[in-house]
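Protein chains in written order, with this note's numbering: chain A, 3 to 337; chain B, 53 to 125; chain C, 158 to 517.
Hints are computed from structural coordinates only; laboratory data are not their basis.
Don't take each hint at face value.
[Claimed, not checked] Restricting the straight-line Cα-Cα distance to at most 25 Å, the calculated cross-link-like pairs of lysine-lysine (PhoX-like) are:
(1) C/Lys-159 - B/Lys-104
(2) C/Lys-280 - B/Lys-112
(3) C/Lys-465 - C/Lys-204
(4) B/Lys-89 - C/Lys-405
(5) A/Lys-135 - C/Lys-263
(6) B/Lys-63 - C/Lys-280
(7) C/Lys-490 - A/Lys-135
(8) C/Lys-263 - A/Lys-140
(9) A/Lys-43 - A/Lys-66
(10) C/Lys-175 - B/Lys-112
(11) B/Lys-89 - C/Lys-409
(12) C/Lys-490 - C/Lys-465
(13) A/Lys-308 - C/Lys-261
(14) C/Lys-288 - A/Lys-316
(15) A/Lys-23 - A/Lys-163
(16) A/Lys-37 - A/Lys-16
(17) B/Lys-89 - C/Lys-159
(18) C/Lys-239 - B/Lys-104
(19) B/Lys-104 - C/Lys-401
(20) B/Lys-104 - C/Lys-409
(21) C/Lys-204 - A/Lys-316
(22) B/Lys-63 - C/Lys-159
(23) C/Lys-159 - A/Lys-247
(24) A/Lys-308 - C/Lys-263
(25) C/Lys-280 - A/Lys-316
(26) A/Lys-247 - C/Lys-204
(27) B/Lys-112 - C/Lys-405
(28) A/Lys-135 - C/Lys-465
(29) C/Lys-159 - A/Lys-195
(30) C/Lys-288 - C/Lys-261
(31) C/Lys-261 - B/Lys-112
(32) A/Lys-163 - A/Lys-43
(33) A/Lys-210 - A/Lys-163
(34) C/Lys-175 - A/Lys-316
(35) C/Lys-159 - B/Lys-112
(36) B/Lys-112 - C/Lys-401
[Claimed, not checked] Example chain B residues on the side facing chain C (calculated, C-beta under 10 Å, incomplete):
(37) Ala-57
(38) Glu-65
(39) Gly-66
(40) Lys-89
Since this is a predicted model, take the numbers as computed values, not measurements.
Quick reminder that beta carbons are idealized off the backbone N, C-alpha and C, glycines included.
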Amino acid sequence: MEDNILLAHGSGGKLSHQLIKDLFLPQYDNPVLAKLDDAAKLRLTGDCLAYTTDSYVVNPLFFKGGDIGRLAVCGTVNDLAMTGAKPLYLTASFIIEEGLPLAALKKILISMKQASEEAEVEVVAGDTKVVEKGAADKLFITTSGIGVIEKGLNIAGANAKAGDRVILSGDIAEHGVAILVEREGMELDVEIKSDVAPLNHLVAQMLKVSRKIRCLRDPTRGGLATTLNELATQSEVGIRIEEDKLSIKEGVRGVCEILGLDPLYVGNEGKLVAVVDPEDSQSVLEKMRQHPYGTGAQIIGEVVEKPTGRVFMKTSIGGSRIVDMLAGEQLPRIC
Amino acid sequence: MCLAAPARITKIEGERGWVEVGGVVREANLQLLPEAKVRDYVLLHAGFAIQKLDEEEAEKTLRILREIAEIGN
Amino acid sequence: MKYIDEFRNRELAQGLIKKIVERSTRPVKLMEVCGTHTVNIFRYGIKELLPETVTLLSGPGCPVCVTPNETIDKAIALSREKDVILVTFGDMMDVPGSSSSLAKEKSQGADIRVVYSVQDALKIATENPKKKTVFLAIGFETTSPTVAVSLIEAEELGLRNYFILQGHKLIPPAMKALVEDENLALDGFICPGHVSTIIGQRPYQFLATQYKLPCVISGFEPLDILQSIYMLINQIEQDRAEVKIQYKRSVKEEGNPLALQKLYRAFQVSDSNWRGLGLIPGSGLKLRNEFKNFDVEEKFPIEVGEVKENPDCICGSILKGIKTPLDCPLFRKVCRPENPIGPCMVSSEGSCAAYYKFRQ
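Isolated chain A, as found in the complex:
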């Protein structure tokens, strides 16, 4: 086998078949995919299906705590989980730039396999295309996912009501900062790694103790601030949080101080925000803390009636300020 991806790997001919057979299939050994038919045939039972798709482009492909493969599985699994669905099947489509080392591709495929095993989902269909050098940046992955939602479960961004508690599952800003650290080539004395993780099992545990979880959302791009604003807007409520309840790891704070970034706006890939009826908030919180991806869970605030569409934060010194959506891109700044 060659060392790098060639255009011929995308030709549909012999090399394409070899690539699928040698590199892809060994990672996704399941009866549905193994048939190699034009489409996967699935048997689904449930009240309602959840179906989502997302594309993953990340530079660099590999970073502390994960890689584009783990991200592509977890991101789509989490999107499903945030509707309360139990994720079942994924499809994955790869756009590969000519010249990508096969070893890198293999590493990413193995990482996808591990993430899908952890999330207990199966990759049942896939596609690869190879494009000329410069037409893509090394590797783009698109994953789509299907899950089933139990009868009676209604979790949506528009469901928050005044009085509900807002729970955050752990420390913020780790994924975005880990990527920046890699990109900027920063050295570290402490470990900073992406929090990228599948959250479906955590959600399943939460649903065991409460049927009054109103909203779930993973604060990815745009960070916690953006997610809270989305929820406040969709539900036409206000949200008040307390700065002191937010937890940020020391190294992550260090990077933010140096580069002038606000951690509230930095992306996460393994955290969730839950809006829960006050009656159930303690039991949900306790259940979350028992799960490895929820050990740092905290009630960070509550939903209020007014002003609608706004998020307020009680600051560490006791003042109050608006937390707005992120506008534009966060760039390292000097002022």
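The hints should help you fit chains B and C onto chain A, whose structure is shown.
Frame of chain A, contents of chains B and C only:
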């Protein structure tokens, strides 16, 4: 207008220094602060150490703050 | 983190606020000159904790905001040249010029690179000998010495493809221009801490002596800002006008003489055009004759079209502290962080952005 973070110097090689903020290491140009030594805290602005932080003065400020606020140690 | 966390203590902050409330009897208008102060005042919700007697005005201390359209237009024109790599701090990317921004030009294929330090610009120049590397040099006295160091180094290396587009400004002359404006009645200044680490205490002395204005050089953590406000109110209540340093852990009376020496080895004082404030004598820098080779405008005359500004934008009055963003007809309606009309909305520490982001 000018972000600057308090950073601790961990290593010096000529005019190049390495500083640490919350465990994150960053190269810092020492040409504006050649007297800086390893373990000093400096203000890091746009990749340069621009001034040394004075621990005694920081303590003094905190002491004054506690006096004004009438809060004991 | 050392020197950060201890200055964000809630108990001390509450105690200080109580003392400010007790001490303040007459209405005062204090101006924080520096944009980082503005942002932290909003970020920590300091304004609403202060008594009604204390009004904080935001001054012109955001280098992005005071950079005139012409400079942006020039940077854009340069970035369109095939053999130019335009290097800038991230802060400048979204600032609208007359008809475009660096971010827009970059999306059209211009080679524009964001760096964290001017040293990175020097590196880019060394690695790309066939191209002209132009650094968009903005910033106040905190930043300009670092650019001076890069020029001195480039001179020693004999680097002939490294240039700067000069946009540096000096703070004390702008403060003088402000106090001479009759529309603006101030009772004291919260002086910029990090500029002062370089220039020290003396350059503000004229404000106390000639204009009888109390000045306190302040740090940036919430306790620093609160203590500075307390120190100013104390002076005002006692009818004193002195320059005091609150930020003693970082600011020495004499500043950083070596940084000043390097700064003035490469640069000399010149008049400078500030957005909103106009031409202020002695408020800018230009390259000394020995360093003229690094001046991109000197070497390659830049043609820009007509410089246009939105006539409804009141950034100028906002920078002077005469008006607030709430007085602007464009604020929130047309001018928003995702569609900024004026620079005070673009810069993360511009008054308009801070009002938009942190206040209702």
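Hints versus structure:
{"no.": "1", "hint": "C/Lys-159 - B/Lys-104", "verdict": "holds, 14 Å"}
{"no.": "2", "hint": "C/Lys-280 - B/Lys-112", "verdict": "violated, 41 Å"}
{"no.": "3", "hint": "C/Lys-465 - C/Lys-204", "verdict": "violated, 35 Å"}
{"no.": "4", "hint": "B/Lys-89 - C/Lys-405", "verdict": "holds, 20 Å"}
{"no.": "5", "hint": "A/Lys-135 - C/Lys-263", "verdict": "holds, 21 Å"}
{"no.": "6", "hint": "B/Lys-63 - C/Lys-280", "verdict": "holds, 22 Å"}
{"no.": "7", "hint": "C/Lys-490 - A/Lys-135", "verdict": "violated, 44 Å"}
{"no.": "8", "hint": "C/Lys-263 - A/Lys-140", "verdict": "holds, 21 Å"}
{"no.": "9", "hint": "A/Lys-43 - A/Lys-66", "verdict": "violated, 36 Å"}
{"no.": "10", "hint": "C/Lys-175 - B/Lys-112", "verdict": "holds, 21 Å"}
{"no.": "11", "hint": "B/Lys-89 - C/Lys-409", "verdict": "holds, 18 Å"}
{"no.": "12", "hint": "C/Lys-490 - C/Lys-465", "verdict": "holds, 21 Å"}
{"no.": "13", "hint": "A/Lys-308 - C/Lys-261", "verdict": "violated, 38 Å"}
{"no.": "14", "hint": "C/Lys-288 - A/Lys-316", "verdict": "violated, 50 Å"}
{"no.": "15", "hint": "A/Lys-23 - A/Lys-163", "verdict": "violated, 52 Å"}
{"no.": "16", "hint": "A/Lys-37 - A/Lys-16", "verdict": "holds, 18 Å"}
{"no.": "17", "hint": "B/Lys-89 - C/Lys-159", "verdict": "holds, 17 Å"}
{"no.": "18", "hint": "C/Lys-239 - B/Lys-104", "verdict": "violated, 42 Å"}
{"no.": "19", "hint": "B/Lys-104 - C/Lys-401", "verdict": "holds, 19 Å"}
{"no.": "20", "hint": "B/Lys-104 - C/Lys-409", "verdict": "holds, 10 Å"}
{"no.": "21", "hint": "C/Lys-204 - A/Lys-316", "verdict": "holds, 13 Å"}
{"no.": "22", "hint": "B/Lys-63 - C/Lys-159", "verdict": "holds, 18 Å"}
{"no.": "23", "hint": "C/Lys-159 - A/Lys-247", "verdict": "holds, 21 Å"}
{"no.": "24", "hint": "A/Lys-308 - C/Lys-263", "verdict": "violated, 41 Å"}
{"no.": "25", "hint": "C/Lys-280 - A/Lys-316", "verdict": "violated, 43 Å"}
{"no.": "26", "hint": "A/Lys-247 - C/Lys-204", "verdict": "holds, 22 Å"}
{"no.": "27", "hint": "B/Lys-112 - C/Lys-405", "verdict": "holds, 9 Å"}
{"no.": "28", "hint": "A/Lys-135 - C/Lys-465", "verdict": "violated, 41 Å"}
{"no.": "29", "hint": "C/Lys-159 - A/Lys-195", "verdict": "holds, 23 Å"}
{"no.": "30", "hint": "C/Lys-288 - C/Lys-261", "verdict": "holds, 21 Å"}
{"no.": "31", "hint": "C/Lys-261 - B/Lys-112", "verdict": "violated, 49 Å"}
{"no.": "32", "hint": "A/Lys-163 - A/Lys-43", "verdict": "violated, 40 Å"}
{"no.": "33", "hint": "A/Lys-210 - A/Lys-163", "verdict": "holds, 21 Å"}
{"no.": "34", "hint": "C/Lys-175 - A/Lys-316", "verdict": "holds, 18 Å"}
{"no.": "35", "hint": "C/Lys-159 - B/Lys-112", "verdict": "holds, 15 Å"}
{"no.": "36", "hint": "B/Lys-112 - C/Lys-401", "verdict": "holds, 15 Å"}
{"no.": "37", "hint": "Ala-57", "verdict": "holds, 8 Å"}
{"no.": "38", "hint": "Glu-65", "verdict": "violated, 15 Å"}
{"no.": "39", "hint": "Gly-66", "verdict": "violated, 13 Å"}
{"no.": "40", "hint": "Lys-89", "verdict": "violated, 16 Å"}
This entry does not satisfy hints 2, 3, 7, 9, 13, 14, 15, 18, 24, 25, 28, 31, 32, 38, 39, 40, going by the numbered hints stated previously.
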